[in-house]
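Participant: Which chain is which? The protein sequence lines are P and B, in order.
Mapped onto this note's numbering, the consecutive letters of the first sequence carry residue numbers 1 to 87.
Mapped onto this note's numbering, the consecutive letters of the second sequence carry residue numbers 1 to 218.
I should point out that these hints are in silico values taken from the structure, not numbers from a laboratory.
Glycine included, every Cβ here is placed at the ideal spot set by N, Cα and C.
Treat each hint with caution, since some may be false.
As the list claims (entries may be wrong) - Listed below are several chain P residues computed to face chain B (Cβ distance under 8 Å; list not exhaustive):
1. 52
2. 53
3. 57
4. 61
5. 64
6. 65
7. 67
8. 70
9. 74
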Amino acid sequence: MTLALAFDGLLALALVWSAWRCLATPRLDRAVVLFIAFGLLLTLAWARLQAPDIALAEAAIGAGLTGVLLLDALGSFGGRERNQEGE
Amino acid sequence: MKRFLVILAAVVFVPILATAMVDLAPAPLDLRPQVAANLAVSGVSHQVTAVLLNYRGYDTLLEIGVLLLALFGVLAATPAHRDIAPARAELIQSTLTRLAVPLMILVAGYLLWAGAFRPGGAFQAGAVLGAAAVLAHLVGLVPGWQHPGLWLRLGLVMGFVVFLAVAAATLGQGALLEYPPPLAGTLIVVIEAALTLSLGLCLSGLFLFLSRGEGVES
Chain P
1 MTLALAFDGL LALALVWSAW RCLATPRLDR AVVLFIAFGL LLTLAWARLQ
51 APDIALAEAA IGAGLTGVLL LDALGSFGGR ERNQEGE
Chain B
1 MKRFLVILAA VVFVPILATA MVDLAPAPLD LRPQVAANLA VSGVSHQVTA
51 VLLNYRGYDT LLEIGVLLLA LFGVLAATPA HRDIAPARAE LIQSTLTRLA
101 VPLMILVAGY LLWAGAFRPG GAFQAGAVLG AAAVLAHLVG LVPGWQHPGL
151 WLRLGLVMGF VVFLAVAAAT LGQGALLEYP PPLAGTLIVV IEAALTLSLG
201 LCLSGLFLFL SRGEGVES
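The whole structure should be built from the sequences, with the hints applied where relevant.
Facilitator: In structure tokens form, the structure reads like this:
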């Protein structure tokens, strides 16, 4: 019981911390990675709340596909910036 | 001065928010008994699937419509370009992907089937399918999509069209998407199968259509 409570407390703290870091970090690449980490932590939180349906959807869509799309956008913006610097 | 004001506002706001949270009345309408009571005629034995595909089927119908619209937006906003050869990946990456993709398709099929009686369902299965396609694209096994061909177009709209067709066919029941109880299970499986395929294609399309404009800047 106490172990579960300790885990939940740790999870809640990690969620808030990663959300804050994701928003506050000045580097976009770190923000994207933190967003994916936040999504995975949120998946754990949904699983702890006994909502496996939402956990599945969050892991697949929230963390997975959104993360990939953000990484892709970051890659194409980064490439554009590099090209402009090269000119 | 500005910082002091912000801190003051936060100090005032937090207790108000906490009080509101604590004072929040219990939900005036408890629908859980109704969901449980009507589960027998819903066609499935899992509450979440019953709510998503039967009791509130029109929400799900609109959701797939929204996803389809998002994909149309991507199609309209990204220009089609010449064929770009997919990037070659490392041997380990492509081998692992070759192993993983069939398993992911299997998992998607399982999730679709499991949705009737345990957590799972069309959205999760479709997301796994989409992730498999994105993975295969990233290691160069699947090229980015250029112009959607006839079969791709059919696959993309199939979920929405099948859902709409069922909704139109059962309109005589009196309410939108009210299935006749003996047919409910079959109809839900048909809709979910079409939804899974379309969702997988839509979600991977968001990624694979985007990559077709990538040859522009270089």
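Participant: Mind checking the CB of residue 52/P against every CB in chain B and telling me if the closest is under 8 Å?
Facilitator: holds, 4 Å
Participant: Against chain B, run the beta carbon of residue 67/P and see if the smallest gap drops under 8 Å.
Facilitator: With a minimum Cβ separation of about 10 Å from chain B (threshold 8 Å), the hint on residue 67/P is violated.
Participant: Less than 8 Å between beta-carbons is the criterion; does residue 57/P satisfy it with respect to chain B?
Facilitator: holds, 6 Å
Participant: Can we keep the residue 74/P interface hint, with Cβ of chain B closer than 8 Å?
Facilitator: violated, 13 Å
Participant: Checking hints one by one. Is residue 65/P an interface residue toward chain B, by the C-beta closer than 8 Å rule?
Facilitator: Holds, because the Cβ-Cβ distance from residue 65/P to chain B comes to roughly 6 Å (cut-off 8 Å).
Participant: Can you verify the interface hint for residue 70/P: is its Cβ closer than 8 Å to any Cβ in chain B?
Facilitator: violated, 11 Å
Participant: The hint names residue 64/P as touching chain B; please verify it with the least Cβ-Cβ distance against 8 Å.
Facilitator: holds, 5 Å
Participant: Would the hint on residue 53/P stand, with a C-beta cut-off of 8 Å toward chain B?
Facilitator: holds, 5 Å
Participant: Next item in the hint list is residue 61/P. Is there a CB on chain B closer than 8 Å to its CB?
Facilitator: holds, 5 Å
Going through the hint list in order, the structure does not satisfy hints 7, 8 and 9.
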